[in-house]
Amino acid sequence: MLTIAIKNSLREKRSASIELNEIEEMKVFRPSEEEFKDPINYIEMLYNQGMQEYGCVKIIPPASYKPPSALNKHSAQKLPTRYQTLQQLSQSKPFETNLEGMTCQEIIDKDLGKHEYKELTERQQYDELEKKFWYLVDHSQSEKTVVEYAADLPANEFGTQAIGEEVKADFDHPWNLNKMYLNHNSLLQFC
Numbered sequence: 001m002l003t004i005a006i007k008n009s010l011r012e013k014r015s016a017s018i019e020l021n022e023i024e025e026m027k028v029f030r031p032s033e034e035e036f037k038d039p040i041n042y043i044e045m046l047y048n049q050g051m052q053e054y055g056c057v058k059i060i061p062p063a064s065y066k067p068p069s070a071l072n073k074h075s076a077q078k079l080p081t082r083y084q085t086l087q088q089l090s091q092s093k094p095f096e097t098n099l100e101g102m103t104c105q106e107i108i109d110k111d112l113g114k115h116e117y118k119e120l121t122e123r124q125q126y127d128e129l130e131k132k133f134w135y136l137v138d139h140s141q142s143e144k145t146v147v148e149y150a151a152d153l154p155a156n157e158f159g160t161q162a163i164g165e166e167v168k169a170d171f172d173h174p175w176n177l178n179k180m181y182l183n184h185n186s187l188l189q190f191c
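Number 1 in my numbering belongs to position 1 of the sequence shown; there are no gaps in the numbering.
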């Protein structure tokens, strides 16, 4: 524990305040309708262009792609949530789980800090929130901040089984990472 505390202390001393607009954005790609039909070919094309040097890229689907929500916002089903203490993220500490959970409507009804940023534009809100987030992650001695979230939920339990055909069709979309191993030319089919 002492070693972790010393490392965190040193990191906090060295951390510099960087404006978000000084950080280079990741490469963004927008495939055409035709390119979007085959993710393996599209990813291979990016690889052939040397994009693997960036580590990660953002691929934005064509404007026509409108995935339906896999969650029924009016369901009484409770989603398990997790509590993430921001100051502990850099220390690799596990998250606490709220097994009682919340319904989608209960999550929607929460304020989620919107009142703090309502006077700012959407972009300013995002930038201010991200600055605050990284400050809290980098400064373990700052006031304890806990975020409750519902993510990483198994789709077979909390998603498509109780939803209409449009979601089920989207579940089989070639870009669904859970189904990507089914695409032709995917090495994942051999795993």
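Hint data in this document are derived by calculation from the structure and do not stem from the laboratory. Please note that a few of the clues may not be correct.
[Said to hold, decoys possible] Below, a list of computed lysine-lysine pairs in the DSSO-like style, where the Cα atoms sit at most 30 Å apart:
hint: 1; residue 1: K132; residue 2: K58
hint: 2; residue 1: K144; residue 2: K66
hint: 3; residue 1: K144; residue 2: K132
hint: 4; residue 1: K179; residue 2: K110
[Claimed, not checked] The calculated label-pair distances, taken between Cβ atoms and stated as ranges, are:
hint: 5; residue 1: P62; residue 2: S92; range: 31 to 41 Å
hint: 6; residue 1: Q49; residue 2: Q141; range: 43 to 53 Å
hint: 7; residue 1: V28; residue 2: N176; range: 26 to 36 Å
hint: 8; residue 1: L187; residue 2: K110; range: 40 to 50 Å
It should be emphasised that the depicted structure is a prediction, and the values quoted were computed from it without experimental measurement. Cβ coordinates follow ideal geometry from the N, Cα and C atoms, glycine included.
Tested hints:
no., hint, in the structure
1, K132 <-> K58, "24 Å, holds"
2, K144 <-> K66, "38 Å, violated"
3, K144 <-> K132, "13 Å, holds"
4, K179 <-> K110, "33 Å, violated"
5, P62 <-> S92: 31 to 41 Å, "38 Å, holds"
6, Q49 <-> Q141: 43 to 53 Å, "45 Å, holds"
7, V28 <-> N176: 26 to 36 Å, "21 Å, violated"
8, L187 <-> K110: 40 to 50 Å, "42 Å, holds"
Figure legend: structure checked against the earlier numbered hints; hints not met, in rising order: 2, 4, 7.
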